[in-house]
Amino acid sequence: MTSASATPIIEARGLSKRFIKQADLAERLLERLGATQAPSVVHAVDNVSLAIASGEVVGLVGESGCGKSTLGRMIAGLLQPSEGQVLFKGRDRATLAGADAKAARLAVQMIFQDPYASLNPRSRVETIIGEAPLVHNLVSRAKLGEFVGEMLKRVGLDAGFKGRYPHQFSGGQRSRIGIARALAVSPEFLVCDEAIAALDVSIQAQIINLFMDLRQAFDLTYLFISHDLGVVRHISDRIVIMYLGRIVEMSPTAALFEAPNHPYTRALLAEAPRISYEKRQFQPIKGEIPSPLDPPRGCHFHPRCPLAMARCAEEAPALKAISPGRLSACHLNDN
Amino acid sequence: MSLTDADAKIEPQEPARSAAAVETPLRRFLSDYFESRIATAALAVLVLIICLAVLAPLLAPQNPYNLAEVDVLDSRLPPGSVGMAGYTYWLGTDGAGRDLLSAILYGLRISLLVGVTSCLIATVIGAVVGLTAAYAGGRVESILMRLVDLQLSLPAILIALILIAMLGKGVDKVIIALVTVQWAYYARTVRGTALSEMNKEYVEAARCLGFSHTRIVFKQILPNCLPPLIVVATIQAAHAITLEATLSFLGVGLPRTEPSLGLLISNGFEYMLSGKYWISFIPGVVLLVTIMAINLVGDQLRDVLNPRLKR
Amino acid sequence: MTAAAETESRPTLEVVDLKTHFFTRAGVVKAVDGVSFAIAPGEVLGLVGESGCGKSMTGFSIIGLIDPPGRIVSGAVRFKDNDLVGLPEEGLRTLRGNRISMIFQDPMMTLNPVLRIDTQMIETIQAHRDCSRSVALGLARNALMQMGISSPERRLRCYPHELSGGMRQRVAIAIAFVNEPDLVIADEPTTALDVTIQAQILHEAQELCRTKHTAMIWITHDLAVVSSLADRIAVMYAGTIVEQGNARDLIRAPLHPYTKGLLGSVPSANRPGERLTQIPGMTPSLLDPKPGCRFRMRCPRAAAECTASPSISMPIPHREVRCWRPLIAEQPA
Chain A
171 MTSASATPII EARGLSKRFI KQADLAERLL ERLGATQAPS VVHAVDNVSL
221 AIASGEVVGL VGESGCGKST LGRMIAGLLQ PSEGQVLFKG RDRATLAGAD
271 AKAARLAVQM IFQDPYASLN PRSRVETIIG EAPLVHNLVS RAKLGEFVGE
321 MLKRVGLDAG FKGRYPHQFS GGQRSRIGIA RALAVSPEFL VCDEAIAALD
371 VSIQAQIINL FMDLRQAFDL TYLFISHDLG VVRHISDRIV IMYLGRIVEM
421 SPTAALFEAP NHPYTRALLA EAPRISYEKR QFQPIKGEIP SPLDPPRGCH
471 FHPRCPLAMA RCAEEAPALK AISPGRLSAC HLNDN
Chain B
33 MSLTDADAKI EPQEPARSAA AVETPLRRFL SDYFESRIAT AALAVLVLII
83 CLAVLAPLLA PQNPYNLAEV DVLDSRLPPG SVGMAGYTYW LGTDGAGRDL
133 LSAILYGLRI SLLVGVTSCL IATVIGAVVG LTAAYAGGRV ESILMRLVDL
183 QLSLPAILIA LILIAMLGKG VDKVIIALVT VQWAYYARTV RGTALSEMNK
233 EYVEAARCLG FSHTRIVFKQ ILPNCLPPLI VVATIQAAHA ITLEATLSFL
283 GVGLPRTEPS LGLLISNGFE YMLSGKYWIS FIPGVVLLVT IMAINLVGDQ
333 LRDVLNPRLK R
Chain C
252 MTAAAETESR PTLEVVDLKT HFFTRAGVVK AVDGVSFAIA PGEVLGLVGE
302 SGCGKSMTGF SIIGLIDPPG RIVSGAVRFK DNDLVGLPEE GLRTLRGNRI
352 SMIFQDPMMT LNPVLRIDTQ MIETIQAHRD CSRSVALGLA RNALMQMGIS
402 SPERRLRCYP HELSGGMRQR VAIAIAFVNE PDLVIADEPT TALDVTIQAQ
452 ILHEAQELCR TKHTAMIWIT HDLAVVSSLA DRIAVMYAGT IVEQGNARDL
502 IRAPLHPYTK GLLGSVPSAN RPGERLTQIP GMTPSLLDPK PGCRFRMRCP
552 RAAAECTASP SISMPIPHRE VRCWRPLIAE QPA
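So the sequences go chain by chain: A, B and C. The first sequence begins at 171 in this note's numbering and counts up one residue at a time. The second sequence begins at 33 in this note's numbering and counts up one residue at a time. The third sequence begins at 252 in this note's numbering and counts up one residue at a time.
Bear in mind the hints are in silico, worked out from the structure with no lab data behind them. It is possible that some hints are incorrect.
Unchecked claim - Okay, the calculated bits of chain C under chain A, using three or more residues with CB under 8 Å as the criterion: (1) 374-381; (2) 520-529.
Stated by the list, open to error - Listing some non-contacts, in silico: residues in chain A with all C-beta distances to chain C over 10 Å: (3) 265; (4) 273; (5) 310; (6) 404; (7) 429; (8) 444; (9) 455; (10) 456; (11) 461.
From the three backbone atoms N, C-alpha and C, an ideal C-beta is built for every residue, glycine too.
Using the sequences and the accompanying hints, generate a full structural model.
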């Protein structure tokens, strides 16, 4: 879907998020007495810039500690960035106030991973879906029942389910209720944080189809966060690969799978399990994923990279364009 | 293009234990609770005790605090004996000639009233403090939780005695003392549960949907803190009743005009060694049965409401 | 030609019509309802299915970890001449950790959080053989090295919480292999791990099975993992095995409509951007199941005959299927 204007619907500029562990009383005393200890800082997201056009589906891929969930939550407005801005339709969200701020907040909704923890177990489906539109005057109390029924139908559930409680539904149905809850406030942008990871394979297929149908019907834009490359390949227009808080590669989907550039991307693609018709010999890359508390200097990937050079341990590579629309952060591209 | 999956019209798997179309959490809880025979019996005993206490003025053969009805010549009669006016004292009489059965019924009334009232007030105060601490975090949480720790580290009896010494005697003063001693347990429980609930994704969803803080705390978090709160409240009610009985036994609790079971036990204590055991013993047994029933109900509640034990 | 299964030696494990039922107050949950398979020494069998199909319960039944209200109702589990069903607890205990071991999805089900790794491994070793502590320590060190764990001496002195999730699972697997068992049952061991770590562990597990000639049952819902790792695959649905056979042939041309549907729902099997083939509906409840084929409500090929429970047939040599109308027409010539 092409966007009418060139302004991206969501733009992240230089976003960083650091989690600093607050020293407790004992540690503060020790500091006073002179035994200084470097405060433990987790650099969850490190200077990430990303622009998402209206109607696009951007897949965000990475393993644990890469910061994709943190980035997703900053974009959704659930976490305050330590640095950087999030722009909604060209305007810095932090500077918006009043009705504009509320509109910006409701326009970006999130679909969560755990179908069991993402619904309030004590509320009926009607309340779960209908409370927000009611509170924000998007629908009148008189029309609420009909509205909720309509939402349920949109996600493929029977309208009669609105009187039930979450525990009476299966995982896949709860996911659908979560999607209905997000749709009820007429969002424009959905952040899907591992939205299907907890579901069975056949149910995943149903929900993926639902996402695709909804995108067409309501002109939605997605940031689809997942560790599953197969799913991301299927649904995304563009893919962003993150490693330990930084973007290492960004590329349109087809190009990424045809010719991955960054060594981490190549390893990820090679090792991602896919249905193979032969028994395979696994040739994994060595080493553990480093802890985000203590990331390696220079390029974060260099300890595990088969092509690492001396420069990689000193200097962090910049995210540069290697061809139109493709970015990669690797010193090897400088040649 | 149709968004409706025909397949999704298939009914969710009906939870087999209930045929009701809407199985509310309450109904599920009740069917879980009554699985245990002991707990069901305990609940029945508790309900019976509460009925007896509430209906005491109607049930008691004699109003033991109406001096006109009491005959001091009937004092210290063993259970089952017939008094001067031809009236059978089923549980005997105490040192002043009061019918023990009636005295126990009235005493139960006071004991339960004081115990439950103080429990309820303490619950409200504790819940508010706990929720505020959990949601506000930071310095507010530190201050409130240090207060809670302080309260919990001091012995309950000591606090109660000091307060009553300062405030004087009376039902309301005793309730104040009991509330002061109890609220901290609730605060700690609620804070713990609220913290873990706040990390759950449905709270994040509520923030995403633009709900105000008050709405999130009271409509999202609080209902989910109720299960452990109910369990603590039940057990604490038993504690409150016991504490009040202790205070009365020591003579600093309720005034003589409104004696609770504790006071009855205290009154009869001097006769224990002279063979007239029933004056102390029978109220003691009634108190014991009440506390046991409450504790058994509380135990079953805790097991049933514990999400980790969900089958 | 399938792996050495039927021709060479006697199978390491033979499960015959295993039924494990749970007697709850709501009714009887037939978690495992007639499962049969055999594994040869050194063979890897992938037991595949979605949640609620009974694959984990099958694994637990084999090793004897079913607690009331569940119990093995009928069937036999023959492990090298012993029938494990009905074997007293003492007998099972000498086998567990020694000749048969299990790897769980959560390594903290194997590892005691308050004991060091070396203590736990030595305990496992000394429980089943008579050796000194230093010998046991040496064996533990070797086991960790074989799992690709660098500086094993340091790791041995760690507590579980000091290790990452992937490392813990490697230690759990090392413990499973340390006494050189004949059979290892792995219940979704890599589901919770990252892709790169999963690849490492699959590599190491593959190596171990090959060098030690250990038979392995790899229980998972991930068809991709099992297609690369297993010699034979058994697909489970609603408590029974619906299809069983050589991995390569099964993936290329499945016989059962469920297997076909499952393979089709994986995104990589579809063209990007197109609607995925989906299996309509949901898995049925295992509580008091009705007679007849359990898949028929969702099957595109269901017919009148499917109201009767299908029996196992072998339309192609070495490929078993539980279906009245298997996809024979789609098999390669």
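Going down the list of hints, with the structure as the test:
Check result for the stretch 374-381 of chain C against chain A: violated, 0 residues qualifying (beta carbon to beta carbon below 8 Å, three or more required). Using a Cβ-Cβ cut-off of 8 Å, 8 residues of the stretch 520-529 of chain C lie near chain A, which meets the minimum of three, so the contact claim holds. Every CB of chain C lies more than 10 Å from the CB of residue 265 of chain A, the least distance being 37 Å, so the non-interface label holds. At roughly 31 Å, the least C-beta separation between residue 273 of chain A and chain C is larger than 10 Å, which holds for a residue marked as non-interface.
The claim that residue 310 of chain A lies off the interface holds: its Cβ sits roughly 35 Å from the closest Cβ of chain C, which is beyond the 10 Å cut-off. Against chain C, the non-interface label of residue 404 of chain A is violated: not every CB pair exceeds 10 Å, the least being about 4 Å. The beta carbon of residue 429 of chain A sits about 16 Å from the closest Cβ of chain C, which is more than 10 Å, so the claim that it is off the interface holds. For residue 444 of chain A, the shortest C-beta to C-beta distance to chain C comes to about 5 Å, within the 10 Å cut-off, and the non-interface label is violated.
At the 10 Å boundary, the C-beta of residue 455 of chain A falls inside the reach of chain C, the nearest C-beta of that chain being 6 Å off. At the 10 Å boundary, the C-beta of residue 456 of chain A falls inside the reach of chain C, the nearest C-beta of that chain being 8 Å off. With 10 Å as the threshold on Cβ separation, the claim that residue 461 of chain A sits away from chain C is violated: the shortest Cβ distance comes to roughly 8 Å.
In terms of the numbered hints stated before, the structure departs from hints 1, 6, 8, 9, 10 and 11, listed from lowest to highest.
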